[in-house]
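S.K.: Residue numbers (the UniProt record's numbering), protein chains in the order written: chain A, 1 to 311; chain B, 1 to 446.
These aren't lab readings, by the way, just hints derived from the structure by calculation. Ideal Cβ placement from N, Cα and C applies to all residues, glycine included. Careful, some of the hints might be misleading.
Said to hold, decoys possible - The following label-pair restraints were derived from C-beta to C-beta distances:
{"no.": "1", "chain 1": "B", "residue 1": "HIS327", "chain 2": "A", "residue 2": "LYS199", "range": "51 to 57 Å"}
{"no.": "2", "chain 1": "B", "residue 1": "VAL132", "chain 2": "A", "residue 2": "LEU49", "range": "53 to 59 Å"}
{"no.": "3", "chain 1": "B", "residue 1": "MET312", "chain 2": "A", "residue 2": "THR131", "range": "43 to 49 Å"}
{"no.": "4", "chain 1": "B", "residue 1": "HIS138", "chain 2": "A", "residue 2": "ARG229", "range": "21 to 27 Å"}
{"no.": "5", "chain 1": "A", "residue 1": "ASP231", "chain 2": "B", "residue 2": "VAL218", "range": "56 to 62 Å"}
{"no.": "6", "chain 1": "A", "residue 1": "HIS130", "chain 2": "B", "residue 2": "HIS327", "range": "24 to 30 Å"}
{"no.": "7", "chain 1": "B", "residue 1": "LYS313", "chain 2": "A", "residue 2": "HIS130", "range": "15 to 21 Å"}
{"no.": "8", "chain 1": "A", "residue 1": "LEU49", "chain 2": "B", "residue 2": "ILE405", "range": "27 to 33 Å"}
{"no.": "9", "chain 1": "B", "residue 1": "TRP34", "chain 2": "A", "residue 2": "LYS199", "range": "49 to 55 Å"}
{"no.": "10", "chain 1": "A", "residue 1": "ASP231", "chain 2": "B", "residue 2": "VAL132", "range": "52 to 58 Å"}
{"no.": "11", "chain 1": "A", "residue 1": "PRO280", "chain 2": "B", "residue 2": "LYS354", "range": "54 to 60 Å"}
{"no.": "12", "chain 1": "B", "residue 1": "PHE324", "chain 2": "A", "residue 2": "PRO280", "range": "36 to 42 Å"}
{"no.": "13", "chain 1": "B", "residue 1": "ASN303", "chain 2": "A", "residue 2": "PRO280", "range": "26 to 32 Å"}
{"no.": "14", "chain 1": "B", "residue 1": "PRO392", "chain 2": "A", "residue 2": "HIS130", "range": "29 to 35 Å"}
Said to hold, decoys possible - Stretches of chain B that chain A covers, calculated by requiring three or more beta carbons in the stretch to come under 8 Å of a beta carbon on chain A:
{"no.": "15", "region": "61-75"}
{"no.": "16", "region": "130-138"}
{"no.": "17", "region": "226-238"}
{"no.": "18", "region": "246-254"}
{"no.": "19", "region": "380-394"}
Stated by the list, open to error - Pulled from the structure, derived: some chain A residues nowhere near chain B, Cβ distances all over 12 Å:
{"no.": "20", "residue": "SER87"}
{"no.": "21", "residue": "ASP116"}
{"no.": "22", "residue": "LEU123"}
{"no.": "23", "residue": "PRO183"}
{"no.": "24", "residue": "LYS232"}
{"no.": "25", "residue": "ALA254"}
{"no.": "26", "residue": "ALA274"}
{"no.": "27", "residue": "PHE300"}
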Amino acid sequence: MKEETSNNSRRKFLKSVGISIGAAGVVSGFSLLGAAKAAAQEPRETVNLLTQDGQLVQVDKDQLRPTVTEPLTELQKRGREGIAGKSFVMVIDLSKCRNARKCMDACQNHHQLRPDQHHINVLQMQDAEHTAPYFMPKPCQHCDNPPCTKVCPVDATFKRQDGIVLIDNERCIGCRFCIAACPYSARIFQWTEPKDPEKYKDLTYNIEANVPQKKGTISKCLFSADRLREDKLPSCVSSCPNGVYYFGDQNEDAVTNGTTHETVRFSKLIEENAGYTLMPELGTKPRVYYLPPKNRAFEFNGDLLNEENLH
Amino acid sequence: MNDLPEQKETNLSFEKIKKDILRPMQNHKGLELWIAFLLTVLSVCAWAYYVQLRDGLGVTGMRDYVSWGLYIANFVFFVAVSLVGMLISSILGLLRIDWITPISRIAEIIAVAFVAVAGLVIVMDMGRPDRVINVMIHGRFQSPILWDVTVITTYLTISLLLLILPMIPDLAICKKELKKTSPILKKVYNILSFGYINTPSQHKHLHKMIRTLMILIVPVGLAIHTVTSWLFASTLRNGWDTTILGPYFVAGAFVAGAAALIVGMYFFRVNYKLQDYITDLHFDKMGKLMVAVCLVYLYFNLNEFLVPGYKMKTGDDIHLKELFTGHWAIMFWSSQLLGNIIPIILLVTKKFRKPLPIMIISLFILAGAWVKRYVIVIPTLLHPHLPIQNVPENFVNYSPSAIEISVTVFSFALALLIITVLAKIFPVVPICETADNKGIKYKIEA
Chain A
1 MKEETSNNSR RKFLKSVGIS IGAAGVVSGF SLLGAAKAAA QEPRETVNLL
51 TQDGQLVQVD KDQLRPTVTE PLTELQKRGR EGIAGKSFVM VIDLSKCRNA
101 RKCMDACQNH HQLRPDQHHI NVLQMQDAEH TAPYFMPKPC QHCDNPPCTK
151 VCPVDATFKR QDGIVLIDNE RCIGCRFCIA ACPYSARIFQ WTEPKDPEKY
201 KDLTYNIEAN VPQKKGTISK CLFSADRLRE DKLPSCVSSC PNGVYYFGDQ
251 NEDAVTNGTT HETVRFSKLI EENAGYTLMP ELGTKPRVYY LPPKNRAFEF
301 NGDLLNEENL H
Chain B
1 MNDLPEQKET NLSFEKIKKD ILRPMQNHKG LELWIAFLLT VLSVCAWAYY
51 VQLRDGLGVT GMRDYVSWGL YIANFVFFVA VSLVGMLISS ILGLLRIDWI
101 TPISRIAEII AVAFVAVAGL VIVMDMGRPD RVINVMIHGR FQSPILWDVT
151 VITTYLTISL LLLILPMIPD LAICKKELKK TSPILKKVYN ILSFGYINTP
201 SQHKHLHKMI RTLMILIVPV GLAIHTVTSW LFASTLRNGW DTTILGPYFV
251 AGAFVAGAAA LIVGMYFFRV NYKLQDYITD LHFDKMGKLM VAVCLVYLYF
301 NLNEFLVPGY KMKTGDDIHL KELFTGHWAI MFWSSQLLGN IIPIILLVTK
351 KFRKPLPIMI ISLFILAGAW VKRYVIVIPT LLHPHLPIQN VPENFVNYSP
401 SAIEISVTVF SFALALLIIT VLAKIFPVVP ICETADNKGI KYKIEA
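Based on the provided sequences and hints, a complete structural model is requested.
M.R.: As structure tokens, then:
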């Protein structure tokens, strides 16, 4: 079915652009098709790999060298320790969020999540009856006093030295106490087989991306800890088109905007814009800060105003 | 009324007591059918659990927001019922209240069955039951789950001991009297009677041990229910985040446990024809006890709902409105009225403390107690601090699936099977203690 529709669109393309380019397109199309057929005929020759930016690729087995994969224990050991000397913080500027949801897509792509599974969720908020509604992206708050890690019976969720709260889905027993304990509803559970289990099944478990996901275990936002190790910004931060997210190191007092790549002082940003944390009265000490939704240059287009699911 | 047991006393000899109590253990009428029925239910429901194991917890109605559902509510109910062992044989036993003698073993049997199944229910709720051993390998003692595992196993152990130890003299009698029983059971009686022949020194040591256990089970019994409440109270959620949840759960457990005992008493009295032992007096006394524990529970309910209801703090307000007048109102009010308030009013009257009426009232109390656990667990999860958005419809509404209900039925069938088997192989009314109580002299031969 898919091949047919792609051929149809290709025909339209041919008419509008011209035969020579079109012919090249067809040729490359056929060659891709041929490669796909060849791969289908010899499935044992290729393996699925997750690239560092979260893309799944197929690689010929002959091209693999034996030293490439790090042993599981080593990945988990360094994943549990965290990145020395860092203290990661996120700042979310609510005055810029217009519900583009690119962060949600990028996150779901990175962490093997279905569209209804959210490590980060853009909520429509309204604080009181007559206050203005706004959009609020809500990742895990990576609390410094995390209620979730406290209640875990097996140390499957834990706080690292760099402030990130992670999950070890090789150890999680699926009791879901952490879901009950989290006041931010930041955690999800793999109720069924996760998305595309076949694609991911040969991957070595990376605790810093929580991929592959496993049935019967917990998952949640990890601040893209695997990307941080390579000095990249988290998936959601990088993918935002509206400059909502800043991410950085509190020890350096510097946060970088994922859209503009501008680096600013964290303390100044928070001070000048009256930054705050969610539900500070709960004593969780979040590492995610919010800048209030003031001076917005766009209309609130959510359906919140006439919905009963107001807060 | 007070002179009723003394009148009966004249009719009873040790031989008659022995005969009356051992008779149902030898008579198999209808038992096979009942056990076959339970086993059928168990195997059908075991298949449901197999489906859950194979496909994941997604076969239940639970989703990311209501992540604890029927199973956890049922777990709390089972733990609650099991507290009857501590209430009857320990608290009342330590106070040397002797009318409990004939019903104390039924209480212990119920306690053992329900706490054992409670442990199983929690495993059935796990997403990865294959990793249950991680709790031992990687156990963190900061987690209330570890405390729960500890107290449940301790409570089960002490309850088993409190079932078996006071039974030693009776088992010595069983060993001697039940000649026609199966060789396995003979061996069981032989081992568990520990060569007891009721010498003064044996009697003294046995009662010392029982007394020690009766004292030990008081803190453990309180702990098991308090810790179960802490699974909820240790979170930051509206409706669970209260300081009285521990004693509230304990009070509720006494109500549920006493109700289960009354139902059990009625069943064994009628089915085992033990009218001479489990008398109207026992139902009358249990009725009065029920009023007492229900009043305590009512007091806690007032505190739990009236105080936050008076303030209507943000967060609590949605939760309480949903309970009082919203989606959960029918379940909430029926559990409060049928499971607590109406029973108090009825049981104050003597005629409702007769065996049949009080048994029916107790069934309502049990049902109310079960519904109450459901109302404690689920609505809170539907009212988190932040709005539930961008998720499918079934994340926002919870209703248990057929698989979930079947697995819950499994737990009830298993508890009933354990009770059936225990009541079949062991005398449900203590033979020697009853004789002791009535001042009848007896000998146990080796």
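S.K.: Against each hint, give a clear statement of whether it holds in the structure.
M.R.: Structure-based check of all given hints:
1. B:HIS327 <-> A:LYS199: 51 to 57 Å: violated (41 Å)
2. B:VAL132 <-> A:LEU49: 53 to 59 Å: violated (33 Å)
3. B:MET312 <-> A:THR131: 43 to 49 Å: Cβ of MET312 of chain B to Cβ of THR131 of chain A: about 19 Å, so the range 43 to 49 Å is violated.
4. B:HIS138 <-> A:ARG229: 21 to 27 Å: Given a distance of about 24 Å, which is inside 21 to 27 Å, the answer is holds.
5. A:ASP231 <-> B:VAL218: 56 to 62 Å: The hinted range 56 to 62 Å holds for ASP231 of chain A and VAL218 of chain B, with Cβ atoms some 59 Å apart.
6. A:HIS130 <-> B:HIS327: 24 to 30 Å: Hint holds: Cβ distance 27 Å, inside 24 to 30 Å.
7. B:LYS313 <-> A:HIS130: 15 to 21 Å: holds (20 Å)
8. A:LEU49 <-> B:ILE405: 27 to 33 Å: violated (43 Å)
9. B:TRP34 <-> A:LYS199: 49 to 55 Å: holds (51 Å)
10. A:ASP231 <-> B:VAL132: 52 to 58 Å: violated (40 Å)
11. A:PRO280 <-> B:LYS354: 54 to 60 Å: holds (59 Å)
12. B:PHE324 <-> A:PRO280: 36 to 42 Å: violated (30 Å)
13. B:ASN303 <-> A:PRO280: 26 to 32 Å: With a Cβ separation near 28 Å, ASN303 of chain B and PRO280 of chain A satisfy 26 to 32 Å, so the hint holds.
14. B:PRO392 <-> A:HIS130: 29 to 35 Å: holds (31 Å)
15. 61-75: Three-residue rule met by the region 61-75 of chain B, so holds; n is 6.
16. 130-138: holds (count 6)
17. 226-238: holds (count 6)
18. 246-254: Coverage by chain A is violated for the region 246-254 of chain B (0 residues, Cβ < 8 Å).
19. 380-394: That given contact holds, which follows from 10 residues of the region 380-394 of chain B lying within Cβ reach (below 8 Å) of chain A.
20. SER87: holds (23 Å)
21. ASP116: violated (5 Å)
22. LEU123: Violated, since 5 Å does not exceed 12 Å.
23. PRO183: violated (4 Å)
24. LYS232: Non-interface label stands for LYS232 of chain A: nearest chain B Cβ at 26 Å, farther than 12 Å.
25. ALA254: ALA254 of chain A is indeed farther than 12 Å from all Cβ atoms of chain B, at 29 Å.
26. ALA274: At roughly 21 Å from the nearest Cβ of chain B, ALA274 of chain A sits farther out than 12 Å, so the non-interface label holds.
27. PHE300: holds (15 Å)
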